[in-house]
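Use the sequences and the hints to build the structure in full.
Protein sequence lines, in the order shown, are assigned to chains A and B.
When we follow this note's numbering, the leftmost residue of the first sequence carries the number 1, and every step to the right adds one.
When we follow this note's numbering, the leftmost residue of the second sequence carries the number 1001, and every step to the right adds one.
To be clear, the hints were calculated from the coordinates, so they are not data collected in a lab.
Warning: the hint list may mix true and false statements.
To be verified - The following residues of chain A were derived to be distant from chain B, with all beta-carbon distances above 10 Å: (1) 19; (2) 152; (3) 165; (4) 357.
Stated by the list, open to error - Partial selection, computed: residues in chain A whose CB lies under 10 Å from chain B: (5) 89; (6) 302; (7) 314; (8) 317.
Ideal Cβ placement from N, Cα and C applies to all residues, glycine included.
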Amino acid sequence: MAFVSGLTCRECGRDNPAEALNVCDFCFGPLEVVYDYDAISDVISHERIAQGPLSIWRYQDLLPAEGTDPVDIMAGFTPLIKARNLGKKLGLNNLYIKNDSVNPSFSFKDRVVSVAATKAVEFGFETIACASTGNLACSVAAHAARAGIQAVVFIPWDLERGKVIGAAVYGPTMVSVEGSYDEVNRLCSEVADNYPWAFVNINMRPYYAEGSKTLGYEVAEQLGWRVPDHVVIPSASGAMFTKIWKGFNELACLGLLDGVAGSSFGQDQNTVHHPAVTTKMHMAQAVGCAPIVTAWANGNPHVSPVRPDTIAKSLAIGNPADGIYAIRILRESNGSAYAVPEHDVVEGIKLLAETEGIFTETAGGVTVSALKNLADSGAIKPDELTVVYITGNGLKTQEAVEDVVNPLHIKPSMGAFEDVIGQRISGLVVGG
Amino acid sequence: MMGTQRVKFTFMTQLVKEPIIYRLGQEFNLVTNIRRADVREDMGWVVLELDGDDTEIQRGLDWVAAIGVRVDPVSGDVIEG
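Structural data, given as structure tokens:
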């Protein structure tokens, strides 16, 4: 069962019912799920979590879903890998990679969409929808297929073929919109107002965003119920950044972190910060779309919208809905925010691939480059426990690294092979 | 047809002093209902509801955008990666 007691406005604090809503009826502020944490603390335990499935739904007590039959394509419980080679390169002895690129539709979006799709079915919607430039469209279409409901996905008309196929294969109704980024944005918002569909990041948004908390829970569980000293997270809307922090703090308040006594969630449960959570939250954006980093750097509590112009398309949100809340967490956690130069994005992808055998998309390139900056600057000390979140798969943005394709081209003879191989691999001993 | 739209306007420095919302009401016959706002010296934003004829709402929003105000859905960008 769900322990949800309603939705609260993050701006004016008014209560709203737990329905398909995205903004407060009074002030149009964003809504957040409110939980009955007293009831949750009566039932939740490490043992109960361990008995759950190897997916995000092992944490169902902390997710806003009723029933026992979620729309689950087995999102989550992705590997946490000790990154020895990348760590050695960066001078970090205690570096881990949360590899969320291996989710069923190859990005972290499966976490949030699984929760949104489950709520959509609970509310009785027969269609789920989204506007996306890639990962979200794939995940929505995949979850709709699993749930046996309709999917409508809006995509920009010039979206790369690979991404279109990655979503189309699941059989959604795909609407290709010819227009500017702003025009597509406005159209989708109007459609959401006028059609009885569950738009995962509009009228399902309060529930959808909660799925990202599982990125915090899993890392803590995989580290033996500890939180890291540092995390490095790519940011677009800022929602995932805020939810990972919320996840760590929920675990602490519920007494689920090792050696940490639980505590009350206080008056405003969405801003709770347990003193045992000393994790420094580091945000990564690309220079071509860095509205949150810019606001942070200028000490501005508001985020000025920008028009995205970055190769990291999965991070291209010019007007981030959770930007101001992410800035509060940067401050509260003594974290930092870094805008990665565009030319370093591909370098980050290659560095991760060549050191750890993980092929990430451009967002991952942003994250790894930001991690490198933090290590080089000394912001992360060599022995501090650090987790870097890799949220999407490189097969989705292959065009970004096309220059790596440089095979040795030969005629089919041993002589031709030996002529070129000696030049490429030094110290080669034939027949040794 | 009559309709309603919820939007967020973001103004940069040169437009902060302009009576844009007043003109939106006067020149496009829209009812403007401000729900939240923060206007500073260097920038400002206003979250509001527009009530009126659908065509006039569209014309009004096009005019606002044309003079340099950024117009967004109240819930931020809805296109995601």
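Hints, one by one, checked against the model:
1. 19: Label holds. Min Cβ-Cβ 15 Å, cutoff 10 Å.
2. 152: The claim stands: residue 152/A keeps its Cβ more than 10 Å from every Cβ of chain B (closest is about 13 Å).
3. 165: holds, 17 Å
4. 357: holds, 24 Å
5. 89: violated, 27 Å
6. 302: holds, 7 Å
7. 314: holds, 3 Å
8. 317: Result: holds, 5 Å to nearest chain B Cβ.
The structure fails hint 5 only (numbered hints given earlier).
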